[in-house]
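If you're matching them up, the sequences are chains A and B in order.
Heads up: the first sequence runs through residues 121 to 386, numbered per our numbering.
Heads up: the second sequence runs through residues 3 to 171, numbered per our numbering.
If you're looking for bench data, these hints aren't it; they were derived computationally from the structure.
Warning: the hint list may mix true and false statements.
Some chain B residues close to chain A (C-beta under 10 Å, calculated; not the full set) [unchecked claim]: (1) 68; (2) 77; (3) 102.
What you are looking at is a predicted structure, and each value in this text was computed from that prediction instead of being measured.
Virtual Cβ for every residue (Gly too), placed ideally from N, Cα, C.
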Amino acid sequence: MRNLIAFFLRHHVLFLFILLETIALGMLLQSHYYQSSRFANSAINWSGQLLDGLNNSKEYFSLKEVNSFLAEENALLKSRELKRDKSEEIRYDNYQYIAAKVIKNSYNKRNNYLTLNKGTLHGIESGMGVCTKEGVVGIVRDVSKHYATVMSVLNKSTVISTRLNKSNHFGELHWDGKSKDYAQLKSIEKYVSISVGDSLVTNSYSSIFPEGISIGTINRFEREPAANFYSIEVDLSVDYTNVDFVYVIKDAQKLERKKLESQKGD
Amino acid sequence: MTKTLQHTVRFFTLIALQVLFLNNVQISGYLNPYVYVLFIMLLPPKLSKAGVLVLAFIMGFTIDVFSDSYGIHTAASVLLAYVRPSILSLVSVKGGEDLDAISVKQLKLGRFFTYTGLLCFIHHFTLFFLEAFRLNEFTDTFFRAVVSTIASLLFILILESLRSNSKRR
Numbered sequence: 121m122r123n124l125i126a127f128f129l130r131h132h133v134l135f136l137f138i139l140l141e142t143i144a145l146g147m148l149l150q151s152h153y154y155q156s157s158r159f160a161n162s163a164i165n166w167s168g169q170l171l172d173g174l175n176n177s178k179e180y181f182s183l184k185e186v187n188s189f190l191a192e193e194n195a196l197l198k199s200r201e202l203k204r205d206k207s208e209e210i211r212y213d214n215y216q217y218i219a220a221k222v223i224k225n226s227y228n229k230r231n232n233y234l235t236l237n238k239g240t241l242h243g244i245e246s247g248m249g250v251c252t253k254e255g256v257v258g259i260v261r262d263v264s265k266h267y268a269t270v271m272s273v274l275n276k277s278t279v280i281s282t283r284l285n286k287s288n289h290f291g292e293l294h295w296d297g298k299s300k301d302y303a304q305l306k307s308i309e310k311y312v313s314i315s316v317g318d319s320l321v322t323n324s325y326s327s328i329f330p331e332g333i334s335i336g337t338i339n340r341f342e343r344e345p346a347a348n349f350y351s352i353e354v355d356l357s358v359d360y361t362n363v364d365f366v367y368v369i370k371d372a373q374k375l376e377r378k379k380l381e382s383q384k385g386d
Numbered sequence: 003m004t005k006t007l008q009h010t011v012r013f014f015t016l017i018a019l020q021v022l023f024l025n026n027v028q029i030s031g032y033l034n035p036y037v038y039v040l041f042i043m044l045l046p047p048k049l050s051k052a053g054v055l056v057l058a059f060i061m062g063f064t065i066d067v068f069s070d071s072y073g074i075h076t077a078a079s080v081l082l083a084y085v086r087p088s089i090l091s092l093v094s095v096k097g098g099e100d101l102d103a104i105s106v107k108q109l110k111l112g113r114f115f116t117y118t119g120l121l122c123f124i125h126h127f128t129l130f131f132l133e134a135f136r137l138n139e140f141t142d143t144f145f146r147a148v149v150s151t152i153a154s155l156l157f158i159l160i161l162e163s164l165r166s167n168s169k170r171r
């Protein structure tokens, strides 16, 4: 016994090192499980408050820009409403948009996140889609009472279900971590005819985004000889260097749909 | 100023510099300087190894909380603290035991540069590797670590020269 204690004492630095690394890697691994990251929840609460304070002081310097942005947005919404009256199309009805402000944003890391100033109190839940008027921004990841973090499209874990506006073929949007302006589109089969400049929008296969929100345009594509699919580079429509206000999309009928879809399996 | 106070002040200054300034400077996807590691590098050489490990853990954890990074800064910082004594014995005769403090003045510029450079690279590479967590992006990760190490070193040397200047006055 005494030898054992002596052994531990002699190598206490190594054991401490292993212990601390295990805790750190534990946090990292826990974060991979989508909704279970307790560490993350308390972390955004602390850092959110600080960021909010900072942002409040910064806000005064950009009032002019914000004003013009909101005016533009208003105009856009008005025109959309007019159009809807004419065609009597009820397309967006089961989706509710919650406006939020970005209080932190990054786009130069391998995995990028945004922090929003709204949380569970305002109806935000993990897994909801986030967009601006330009297009898709990401998916809500962790939510606390007043804050939410968003996994941006510029993140290795984000996959967005996409379709070609022209031909309705669908694919998956991934990001390879190289440039903040371009993402990669996978699983578009080679027989589909595509061309540079084709636009991509979200599809309604997942209930995260409503149908038809812009994602980007095809910038470059290649037919790789060994694969069945194109490798496509997509020019993203959102400029991540300048994301200020976003909309979190709440699907009012998500539960109903999930329930129906899960019944199929029985 | 007592030594402990000096290190405490450095702890908070570097966190503020990292979280409020450097995390928001986004030059390119490959360039992410992390200067907070300077705190761990400059801890007194006579401090016990266990103490350095615990302080590095606290530092990394704090940075993690403010950068949505879920443990990667903690892991990289603890590793940095663990290899610190070996790198220290590379640049000084008695493994740093003869030094009062780690600084440009005590180590001379060349050895200080080797010490911070090696540790910085080990830390940054671990960090970016854990962040990507993919072997097929190895060359990308490596390149990212090299570029960011150079940027961090630049900041560290600027900070160090500021420190030695203010002392002389």
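Hint-by-hint comparison with the structure:
no.	hint	in the structure
1	68	5 Å, holds
2	77	4 Å, holds
3	102	22 Å, violated
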